[in-house]
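Participant: Residue strings, one per chain:
2 protein chains.
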Amino acid sequence: MNNILIIGAGRSSTALINYVLQKAKENQWFVTVADADPQLAEEKVDGHPNGRGTWLDVMKVNDRRELIERADVVVSLLPAHLHIEVAQDCIRLKKHLITASYVSKEMYRLGDKARERELIFMGEMGLDPGIDHMSAMQKIDDIKEMGGKLTAFRSYTGGLIAPESDDNPWHYKFTWNPRNVVLAGQGTAQYLENGKYKYIPYRRLFTKYRLVNIPGMGEYEVYANRDSLLYREVYGLSDIPNILRGTIRSRGFCDAWAALVKIGLTNGSYPILDSDKLTYHSLMEAFTSNEQGNSVKEKIAQLIRQEPDSEVMQKLEWLGLFRKKKIKIPNASPALILENLLLDKWKLKKSDKDMIIMQHEFEYKLKGKKKCLHSTLVLKGADSVDTAMSRLVGLPLGIFVRLVMQGKITTTGVNIPVMKQVYDPVLEELKDYGVEFKETEVEV
Amino acid sequence: MNNILIIGAGRSSTALINYVLQKAKENQWFVTVADADPQLAEEKVDGHPNGRGTWLDVMKVNDRRELIERADVVVSLLPAHLHIEVAQDCIRLKKHLITASYVSKEMYRLGDKARERELIFMGEMGLDPGIDHMSAMQKIDDIKEMGGKLTAFRSYTGGLIAPESDDNPWHYKFTWNPRNVVLAGQGTAQYLENGKYKYIPYRRLFTKYRLVNIPGMGEYEVYANRDSLLYREVYGLSDIPNILRGTIRSRGFCDAWAALVKIGLTNGSYPILDSDKLTYHSLMEAFTSNEQGNSVKEKIAQLIRQEPDSEVMQKLEWLGLFRKKKIKIPNASPALILENLLLDKWKLKKSDKDMIIMQHEFEYKLKGKKKCLHSTLVLKGADSVDTAMSRLVGLPLGIFVRLVMQGKITTTGVNIPVMKQVYDPVLEELKDYGVEFKETEVEV
Numbered sequence: 001m002n003n004i005l006i007i008g009a010g011r012s013s014t015a016l017i018n019y020v021l022q023k024a025k026e027n028q029w030f031v032t033v034a035d036a037d038p039q040l041a042e043e044k045v046d047g048h049p050n051g052r053g054t055w056l057d058v059m060k061v062n063d064r065r066e067l068i069e070r071a072d073v074v075v076s077l078l079p080a081h082l083h084i085e086v087a088q089d090c091i092r093l094k095k096h097l098i099t100a101s102y103v104s105k106e107m108y109r110l111g112d113k114a115r116e117r118e119l120i121f122m123g124e125m126g127l128d129p130g131i132d133h134m135s136a137m138q139k140i141d142d143i144k145e146m147g148g149k150l151t152a153f154r155s156y157t158g159g160l161i162a163p164e165s166d167d168n169p170w171h172y173k174f175t176w177n178p179r180n181v182v183l184a185g186q187g188t189a190q191y192l193e194n195g196k197y198k199y200i201p202y203r204r205l206f207t208k209y210r211l212v213n214i215p216g217m218g219e220y221e222v223y224a225n226r227d228s229l230l231y232r233e234v235y236g237l238s239d240i241p242n243i244l245r246g247t248i249r250s251r252g253f254c255d256a257w258a259a260l261v262k263i264g265l266t267n268g269s270y271p272i273l274d275s276d277k278l279t280y281h282s283l284m285e286a287f288t289s290n291e292q293g294n295s296v297k298e299k300i301a302q303l304i305r306q307e308p309d310s311e312v313m314q315k316l317e318w319l320g321l322f323r324k325k326k327i328k329i330p331n332a333s334p335a336l337i338l339e340n341l342l343l344d345k346w347k348l349k350k351s352d353k354d355m356i357i358m359q360h361e362f363e364y365k366l367k368g369k370k371k372c373l374h375s376t377l378v379l380k381g382a383d384s385v386d387t388a389m390s391r392l393v394g395l396p397l398g399i400f401v402r403l404v405m406q407g408k409i410t411t412t413g414v415n416i417p418v419m420k421q422v423y424d425p426v427l428e429e430l431k432d433y434g435v436e437f438k439e440t441e442v443e444v
Numbered sequence: 001m002n003n004i005l006i007i008g009a010g011r012s013s014t015a016l017i018n019y020v021l022q023k024a025k026e027n028q029w030f031v032t033v034a035d036a037d038p039q040l041a042e043e044k045v046d047g048h049p050n051g052r053g054t055w056l057d058v059m060k061v062n063d064r065r066e067l068i069e070r071a072d073v074v075v076s077l078l079p080a081h082l083h084i085e086v087a088q089d090c091i092r093l094k095k096h097l098i099t100a101s102y103v104s105k106e107m108y109r110l111g112d113k114a115r116e117r118e119l120i121f122m123g124e125m126g127l128d129p130g131i132d133h134m135s136a137m138q139k140i141d142d143i144k145e146m147g148g149k150l151t152a153f154r155s156y157t158g159g160l161i162a163p164e165s166d167d168n169p170w171h172y173k174f175t176w177n178p179r180n181v182v183l184a185g186q187g188t189a190q191y192l193e194n195g196k197y198k199y200i201p202y203r204r205l206f207t208k209y210r211l212v213n214i215p216g217m218g219e220y221e222v223y224a225n226r227d228s229l230l231y232r233e234v235y236g237l238s239d240i241p242n243i244l245r246g247t248i249r250s251r252g253f254c255d256a257w258a259a260l261v262k263i264g265l266t267n268g269s270y271p272i273l274d275s276d277k278l279t280y281h282s283l284m285e286a287f288t289s290n291e292q293g294n295s296v297k298e299k300i301a302q303l304i305r306q307e308p309d310s311e312v313m314q315k316l317e318w319l320g321l322f323r324k325k326k327i328k329i330p331n332a333s334p335a336l337i338l339e340n341l342l343l344d345k346w347k348l349k350k351s352d353k354d355m356i357i358m359q360h361e362f363e364y365k366l367k368g369k370k371k372c373l374h375s376t377l378v379l380k381g382a383d384s385v386d387t388a389m390s391r392l393v394g395l396p397l398g399i400f401v402r403l404v405m406q407g408k409i410t411t412t413g414v415n416i417p418v419m420k421q422v423y424d425p426v427l428e429e430l431k432d433y434g435v436e437f438k439e440t441e442v443e444v
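Residue numbers (this note's numbering), protein chains in the order written: chain A, 1 to 444; chain B, 1 to 444.
Bound conformation, chain A alone (with noise of 0.2 Å):
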């Protein structure tokens, strides 16, 4: 085996092909990227003597699968729902695929085939999905081990802007995908607590946050996940009576986007007509009916039920939310007109660092005692283009294709990276670039 294929080579592909790249001469492999833009692909290959760009259109079959061909283990980078076309083309020309991808249940069904074929279809390789499990797993595997019994599992995560680059007062900035977090959790989150099934429809997530301790950081605010129930089986934790996982965001970022809720401006099923004719102003009015106030920001101040100068309507103001200004966008929803403000409002600057912090909490009982470990960690990025995000994207993809290359993977089918084959070497590696989880012993 010596032929890898990164197909993508956006944003989130840089730190997995360095990484590859950096291996690739002691190991004598040779890695070509694939993008729909040949001149990206060869960029981030920087004239490696082990790499190539090249030119895909994904959706030309042929194509595809030739490139496929010539290779031993593909990575795919591509929007989760084009997956599925490269994962059947790796069953037929039998080559491993790995993604940093939620698995879907198409994906799931060709474990069957990938096993008979020996083939490794690892998925959810990432940050989170990805450093979460494998970081999660070890610790779990390590207290039942000991004997422990988990009564509680709590896991974290968010991907913040660097104190240091903290210039706004939300706090936030955008380091992933924007429109993801514009419409997150809408639906509604479900967990267990005490045994007991528990609901946050979509229309309560933000006003029934939690308040976490990051140690050496301070207080951040969680709000529920809507999947904290679906992993509880492949993490082994059937009958845990507690189990959370849920988004971290900076002090007063929950209570501001409950407001944007509320107002109906996250919504994305229908279009606002005339949108482009409107302004940000006009809109906001379109969302007031019967509320006392005499200007569009004191009604919208009574409906979100604030004072028309507190902090969460000071975030709505800084947005720009009540100026005359045009929208621009023809008939875009609600959630589209805000996701295109807030691109320009939560921009990156070139020298921003965004900062990853992770955070699980294990509560188990130990020997008739009552335990809680907190395992946190905190990683910064250099700048807008060497961030956190896509080193902890990436890296654990890089890592996990060296492992399969160098024949050290043994687990076939279509698996996510819950077992030790995986997680401890993976683990071990990212400690050499910085990626490491701190523990805290904490007072039952």
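If you are wondering where the hints come from, they were derived from the structure by calculation, not from laboratory data.
Mixed in with the good hints, there may be bad ones.
[To be verified] Computed list of lysine-lysine pairs in DSS-like fashion (alpha-carbon distance at most 27 Å, straight line): (1) B:Lys277 with B:Lys299; (2) A:Lys326 with B:Lys196; (3) B:Lys297 with B:Lys347; (4) B:Lys299 with A:Lys198; (5) B:Lys198 with A:Lys328; (6) B:Lys277 with A:Lys324; (7) A:Lys277 with A:Lys198; (8) B:Lys438 with A:Lys196; (9) B:Lys262 with A:Lys196; (10) B:Lys438 with B:Lys369; (11) B:Lys297 with A:Lys297; (12) B:Lys324 with A:Lys198; (13) A:Lys326 with B:Lys198; (14) B:Lys297 with A:Lys208; (15) A:Lys198 with B:Lys328; (16) B:Lys262 with A:Lys299; (17) A:Lys144 with A:Lys438; (18) A:Lys149 with A:Lys299; (19) A:Lys297 with B:Lys347; (20) A:Lys324 with A:Lys196; (21) A:Lys208 with B:Lys299; (22) B:Lys208 with A:Lys208; (23) B:Lys208 with A:Lys324.
[As the list claims (entries may be wrong)] Pairwise CB distance ranges (calculated): (24) B:Gln292 with A:Lys367: 34 to 44 Å; (25) B:Thr279 with A:Lys365: 28 to 38 Å; (26) B:Asn177 with A:Asp274: 30 to 40 Å; (27) A:Lys367 with B:Ser310: 42 to 52 Å; (28) B:Lys196 with A:Gly320: 47 to 57 Å; (29) B:Pro178 with A:Trp55: 54 to 64 Å.
Glycine included, each C-beta is placed from N, C-alpha and C at the ideal position.
Chain A is fixed; fit chain B onto it per the hints.
Facilitator: What follows is chain B alone, placed relative to chain A:
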């Protein structure tokens, strides 16, 4: 022409079948009533010499076509999504088609074919939609003919319980599809006010009701429908600056329903795991999180910002939402659980009378003067079988069948009843059945 086929012998068919059979002898019509339950069809025909009940599985294409082949006019009372199959047969076999359902896009696409074959395809020929179109259009055309210029059109309809049968704190019982009542308003209500678009997201819909006076009946609540803008063009009101359609409820209903929405009980999009093992009490508990209170009831009161003994809380308590009684339905969504609870609580007693209220409000300028006219229909049913609802859906259908059979309708193609040729004779004959709008001049 002498053969009429009525497909569907359910609840809403009684008044239609009775009307058509009553007119059958003098007109020498023969009426076939077809239903998946042939006994029900025969019961509705009740041995009338000009009618017969027969069995039809509407998905059996050949059986369906055989029946349609023998008819001149077809009335479909099937669930809305099944009309299109019947409509395609009617095109192929050259038959007129009448329904009380909203006309779908698919149906509109058959317009040219129907017109080419000189067929009358009339939809929305019941109460709402139906009588609302006809009574509004008669008045709108009237005002325009006088030289008036409409500045506002608001139209409200409610299927309610008559005051003499009102014996529960919600002042509401089911007189129509319970599922539609539980899911009503999901999405975003859009309407026009002073020439500006207005949006009310579902989460605020039941808190932003308006009070409307119904002459002789007192004050009612009205919440906005989603479809206010839909009929502007077809009503000839493209330029009107104020248009609103709404649903009428008794005083106190909207605040209490808003509480159910806020808790999350109207959400039909996800299953509550093991819901058959839960009680209503534990379901309510699952929706609480960090609220203060000694009991689930107190926590819910805090969640919906009510005092524990408020009228809204009393309504929730009356439903049995805090009782430790098993839910019994497995993996049901909150909305389905609520629907089943309400089915029992809001069931019509045999002798209960329902009541339909419809009110149009027209504001217009005539000879330099501002005018406001309210046009109101109030009709009560006789009992839980002979309801105002079924009469107001069935009679316009029946009258229109007569008009078509007697060759009095010349408008072909796919239509809704907004033309004088239709609304004048239908509204006139409805008066014989006690269905009459009363007009009130209102001070401006």
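Participant: Holds or violated: are the alpha carbons of lysine 144 of chain A and lysine 438 of chain A at most 27 Å from each other?
Facilitator: holds (19 Å)
Participant: Tell me if the straight-line CA distance from lysine 324 of chain A to lysine 196 of chain A falls inside 27 Å.
Facilitator: Violated: lysine 324 of chain A and lysine 196 of chain A sit about 49 Å apart, past 27 Å.
Participant: Within a Cα-Cα threshold of 27 Å, do lysine 262 of chain B and lysine 196 of chain A meet the stated pairing?
Facilitator: holds (21 Å)
Participant: Holds or violated: lysine 149 of chain A and lysine 299 of chain A, Cα atoms, limit 27 Å.
Facilitator: Given that 27 Å is the threshold and the Cα spacing comes to 53 Å, the pair is violated.
Participant: Are proline 178 of chain B and tryptophan 55 of chain A spaced within 54 to 64 Å by their CB atoms?
Facilitator: holds (57 Å)
Participant: Given the hint that lysine 208 of chain A pairs with lysine 299 of chain B, test it: the Cα-Cα distance must not exceed 27 Å.
Facilitator: holds (13 Å)
Participant: Given a hinted range of 47 to 57 Å, is it respected by the beta-carbon distance of lysine 196 of chain B and glycine 320 of chain A?
Facilitator: Violated: the Cβ-Cβ distance is about 20 Å, outside 47 to 57 Å.
Participant: Take a look at whether the Cβ-Cβ distance between lysine 367 of chain A and serine 310 of chain B falls inside 42 to 52 Å.
Facilitator: Roughly 51 Å apart at Cβ, these two residues keep to the hinted range, so it holds.
Participant: Does the structure keep lysine 438 of chain B and lysine 369 of chain B at a Cα separation of 27 Å or less?
Facilitator: Holds - the C-alpha atoms of lysine 369 of chain B and lysine 438 of chain B are around 22 Å apart, at most 27 Å.
Participant: Starting from lysine 438 of chain B, check that the Cα of lysine 196 of chain A is at most 27 Å away, please.
Facilitator: violated (56 Å)
Participant: So if I understand the rule, the pair passes when the alpha-carbon distance is 27 Å or less; does lysine 324 of chain B with lysine 198 of chain A pass?
Facilitator: Roughly 17 Å between the alpha carbons, so the hint for lysine 324 of chain B and lysine 198 of chain A holds.
Participant: Is the gap between the beta carbons of glutamine 292 of chain B and lysine 367 of chain A within 34 to 44 Å?
Facilitator: This hint holds: roughly 36 Å between Cβ atoms.
Consistency note: the structure conflicts with the earlier hints numbered 6, 7, 8, 11, 18, 19, 20 and 28.
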